[in-house]
Amino acid sequence: MRPVNMLKQKVGTGGLSDDILDRAQKLLEENTSDFKPLAIVYLASLMNGINMAKGASESDDAEEVIANMLYPAMQLKANGGMFQYSLMTIIADKLIQFLEVIKDPDIEAVEIVLAFHTTMEAVIYGEIKHDGGKQGKELLHALTDACMRYFAKHPETYIN
Amino acid sequence: MAYDFSDVSVLIVEDNQPMVDLLKSLLEAYGITDVHSAKDGDAGFELFKKELPDLILSDWMMKPVDGISFTRRVRNDVSSPNKFVPVILMTGFSEKRRVMQARDAGVTEFLVKPFNARDLYRRIVQIIERPRQFVRSEDFFGPDRRRKRESSYTGPKRREEDDSNDSRAAKQTADKLK
Chain A
1 MRPVNMLKQK VGTGGLSDDI LDRAQKLLEE NTSDFKPLAI VYLASLMNGI NMAKGASESD
61 DAEEVIANML YPAMQLKANG GMFQYSLMTI IADKLIQFLE VIKDPDIEAV EIVLAFHTTM
121 EAVIYGEIKH DGGKQGKELL HALTDACMRY FAKHPETYIN
Chain B
1 MAYDFSDVSV LIVEDNQPMV DLLKSLLEAY GITDVHSAKD GDAGFELFKK ELPDLILSDW
61 MMKPVDGISF TRRVRNDVSS PNKFVPVILM TGFSEKRRVM QARDAGVTEF LVKPFNARDL
121 YRRIVQIIER PRQFVRSEDF FGPDRRRKRE SSYTGPKRRE EDDSNDSRAA KQTADKLK
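Protein chains in written order, with the numbering used here: chain A, 1 to 160; chain B, 1 to 178.
Think of the hints as simulated: they come from the structure by calculation, not from any bench. One thing to keep in mind: the hints can contain errors.
Simulated crosslink set (EDC-like; lysine to aspartate or glutamate; CA at most 16 Å straight-line) [said to hold, decoys possible]: (1) 24(B) - 30(A); (2) 94(A) - 95(B); (3) 96(B) - 100(A); (4) 26(A) - 28(B); (5) 10(A) - 129(B); (6) 96(B) - 34(A); (7) 26(A) - 119(B); (8) 8(A) - 7(B); (9) 153(A) - 93(A); (10) 129(A) - 34(A); (11) 63(B) - 15(B); (12) 10(A) - 7(B); (13) 26(A) - 21(B).
If you anchor each label on the Cβ, the simulated ranges turn out as follows [unchecked claim]: (14) 155(A) - 4(B): 54 to 62 Å; (15) 51(B) - 4(A): 14 to 22 Å; (16) 6(B) - 135(A): 41 to 49 Å; (17) 79(B) - 4(A): 14 to 22 Å; (18) 13(A) - 95(B): 32 to 40 Å; (19) 133(B) - 142(A): 43 to 51 Å; (20) 107(A) - 116(B): 24 to 32 Å; (21) 63(B) - 151(A): 31 to 39 Å; (22) 63(B) - 13(A): 34 to 42 Å; (23) 78(B) - 30(A): 40 to 48 Å; (24) 6(B) - 104(A): 52 to 60 Å; (25) 95(B) - 30(A): 26 to 34 Å; (26) 144(B) - 55(A): 42 to 50 Å; (27) 97(A) - 144(B): 38 to 46 Å.
Since this is a predicted model, take the numbers as computed values, not measurements. We put the CB at the ideal spot given by N, CA and C, even for glycine.
Next up, chain B with everything else stripped away, as it sits in the complex (with noise of 0.2 Å):
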């Protein structure tokens, strides 16, 4: 058995077309042939709403809308038909802040430029086989911002399920120790 693509779609929001071409060129030989493309952010909202394309392939810099502001607008407008969809940020910046920064604006993978073949399944394969949690507090909706959990946080808890795992993993430990 192999992944079948044959029903995905996918909205390319990216403002240099050579680069569109061979996304196309790249996401057609993984078998996806159901593939829109933007030139900015705002065209891109505009094509979301109109396609709801199962992935979100976004790059950073684009005026007048940047990608940042693309997926924030995904994730929080009212007219927003997806607000879940999984977006993968292309950019040339892999500094820390950068991805931070990324990832406060509710995008699921980042995938630095340039990339190869493999790069970009493997993001693919991560929003298929290990999809995020979403989460809302008060200043975000978007997946998960954590890999994983960090044990040494004393903090307040600001979700409702920061309290359930802890209270499961409480309660499996406690049970394993019986």
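Next comes chain A alone, as it looks inside the complex (with noise of 0.2 Å):
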């Protein structure tokens, strides 16, 4: 089936000039909506999903256990870099990558995340934007850290 092309008729042709997009890049770029009360909104819902993984026994659904914790990461991640706080978009992608690999939130595994909601939080609060410079650069060297070393001990919990 090919459907009218309703908006090739409304628009026409010639598509959009580099000076408008450039403006509209610098918008987006100078845009000063404070990006603090929603990222403490999504911290908490991390923080709740956290302690939700604490408390999980073996019968709960692990990938019901993961995601509680996984979509907070994931609307950090996505919002963070729309309002200058790439850092935090690295940080989350970090935290989202780790959970979107292991099958089994065990203990270790949500002390990572705790690792990660802390340096989050660090961030907001220090009001840390763009990409954080030489701090931001070591913060997100021990997540890193963090991340290998359990894989390294728990070579049989992620999935390939």
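Got two chains here, each in a separate frame; can you build the complex from them with the hints?
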């Protein structure tokens, strides 16, 4: 089926100039919306997921337990970079990568998620915007190391 | 000549108000000023029926009705006023299985957050200049999920156009060889 291309009929041809796209990008980069209140909500939701994972029993659905931490992490990744907190996006993305591959949210895995939470909280309350410079790199390095140590210790626990 | 978006309307379905404001600013910079917004898929579907937008930008994670369920409703609900409307799904997920999940719901384009002004523009251009065909199978109605034809596929054909396209391609090849 080929539906009628209404949009093409309405907009015509030619695209938008680089000037317009540059202006749009500038708007994006200079927006003054405060991400902090939203981030605090997502961080609270992540902490809720962490607490649920800590109290989970073997009969609980591991995928659901992970999802309770994964979804707020995804929101932090998605929105941080839209509001100048690109370090938040990078850290949350690392957390998502970790949560997407673990099969069993055991206590050691949950401790790592907690370390991510603590770091992201520090980013928000410290208002560390953009990539965070040297401090940002160090924070990220420490979290990556924690994940690597976990995988080295528990090679059986992640999905290839 | 440049695109003229003055007659185009857009529906934003997003529960995060700062993000809605940001999207409105971006669209306005492109020249799109007829923009409506709803906080979740349920409210979005009602507004979709009322405003008949030319394009929908929807977030994935919303409560109570998320962007995937909303898209399925747009494509399949008997009360949907335009089952062909382009839907751009915005999300922080970028893993392949998530993209596949969105495609299977009938999403037209997938936009990973965070994005920049050119990323969103490129998705809109894609929809304008390279619109997807729509397909209907037993369990799916929506934009064709295949970006390009898999010539190595040898399984059963499920759609009439598979055969007609293959026949056309075969005829073109035969013509060239003559």
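(request) Could you tell me which of the hints above the structure violates, numbers in ascending order? (result) 6, 9, 20 and 27
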